[in-house]
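Trainee: For the protein sequence lines, the chains are R and G, in the order given. Residues in the first sequence are numbered from 0 upward in steps of one, following numbering that gives the first Met the number 0. Residues in the second sequence are numbered from 0 upward in steps of one, following numbering that gives the first Met the number 0.
Don't take every hint at face value.
[Claimed, not checked] Listed below are several chain R residues computed to face chain G (Cβ distance under 7 Å; list not exhaustive):
#1 18
#2 137
#3 165
#4 167
#5 169
#6 202
#7 218
#8 241
Rather than coming from a laboratory, the hints here were simulated on the basis of the structure. None of the values given here were measured: they were computed from a predicted structure. Note that the Cβ used here is the ideal one computed from N, Cα and C, for glycine as well.
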Amino acid sequence: MKVLVPVKRVIDYNVKVRVKADGSGVDLANVKMSMNPFDEIAVEQAIRLREAGKADEVVAVSIGVKQSQETLRTALAMGADRAILVIAADDVHTDIEPLAVAKILKAIVDEEQPGIVLAGKQAIDNDMNATGQMLSALLGWSQGTFASELDVDGDSATVTREVDGGLQTIKVKMPAIITVDLRLNEPRYASLPNIMKAKKKPLDEKTAADYGVDVTPRLEIVGTTEPEARAAGIKVGSVDELVEKLKEAGAV
Amino acid sequence: MAVLLLAEVTDGELALDATAKAVTAAAKLGDVTALCAGANAAAAGEAAAKIEGVSKVLVAEDASLGHRLAEPTAALIASLAGDYEHIVAPATTDAKNVLPRVAALLDVMVISDVSGVVDGNTFERPIYAGNAIQTVKSSDSKKVVSFRTSTFDAAGEDGSASVETIGAAADPALSEWVEDKVAASDRPELTSAGVVVSGGRGVGSEESFALIETLADKLGAAVGASRAAVDSGYAPNDWQVGQTGKVVAPDLYVAVGISGAIQHLAGMKDSKIIVAINKDEEAPIFQVADFGLVADLFDAVPELTEKLG
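If we strip away everything but chain R, and leave its shape as in the complex, we get:
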């Protein structure tokens, strides 16, 4: 079985986000970029499936600007076997919408015929939480979102999902789209020898046009602003003072 893992290049989760002065978005020029943390978990799970003998090939895909090949090299260094880069934008500030990403991924799935797609549940830039579900709809496949446990067994997979009330376990028919949550696994670090090896692994370069997908956004960005800052508070010196302040504020 082949595993397909879409990975996204996003601003590193430790970097302080700055809104561009013209309101068009967040400043991404000369900012540290990394693989979306949820996608790292998906890559790790794909590699574990291969290590467990349940998968024989892990293919990483990234859709975006040319620089996304760095993200793919990270996936290859972690252990993915090969990569597909789909260039769909020139400007690093262009975010390809989940619907267009799902359409490109569908075309890749049609070509590659994976038995499972493992994706991050959301990207930490647009926080849309949509691509996996959309791909699943376009393919007419089953979906297991927000997975914290995954057990692939032949023609079905058991997925434990993190939901508002606690945990839900479902059984999905294969092939399936699984979107992964934080507690599925702890992604490995790429070792230096593996980083060197990754440079020689195959990386195909394609464009959105190769798959006949129109990536024109459906959502026009009208403006981007900083959220209102909270007014600075005070430090209290003791529990007594805290209780007093809370009573004054009518909070208790």
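For chain R, the structure is supplied; the task is to place chain G on it using the hints.
Mentor: Chain G in isolation, oriented as in the chain R frame:
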């Protein structure tokens, strides 16, 4: 302009708070029809009919709709979509599971976690863990939108909408429910509680989390946790507050032993009053706290519990 709102129904029961908050947002877009779907949904439908701003309720009962599985629920909504310009829901994990699937079936973009309605096509939503607010204008003929419930007030309960029963769509039979693990609790629900007490990595163990729970019970509060506390196994996943957990905006939020990573702040910084207790005076949580107490939580929390009330 007609709006179809997917009501939050769990095991036949309407989640009134989340649904009524989404109705407030949806009513800005047009006439609201609430869809209650489940193996049993009639009682939920009756409850939804009382929410002010709901003009009609559709009740769909079928075994395939019983456990909020995405595929049959999305198929049902897509089959109804022709009559509506907006398809909306509260931004719960169920809706986030279902709505993007609906949007793709309709070949439109989904707009998740909307915190403000500008007009029928234009919406505000937080991005980058709430570090920026983006206004987006949709060019799609249908808008599929989830609303962040913490930013809308719940609609009242004096309504009297008509209730109509409809059938389910054909079940794609792609997945089946196995089990739910839901902890029973007498505490208020996290996303609608007036007071939330949350613990972080500083709490140190699952056993010590009892300190947080005791304080919460004294305040009649819900219990929350940071990602670090959940990852470390101190607290269950459904207590997580933050970018990828729950978003809360209670009147009082007490953060104990939480450093205040941006991912956590994303889930609680709209709280009215924030109290932080942390022994590290440099912890970023103090930058958003109205009242900060630099202290060892193992001393301060029992003392606070005792001195309140």
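Trainee: Please write out, lowest number first, the hints stated earlier that are contradicted by the structure.
Mentor: 6
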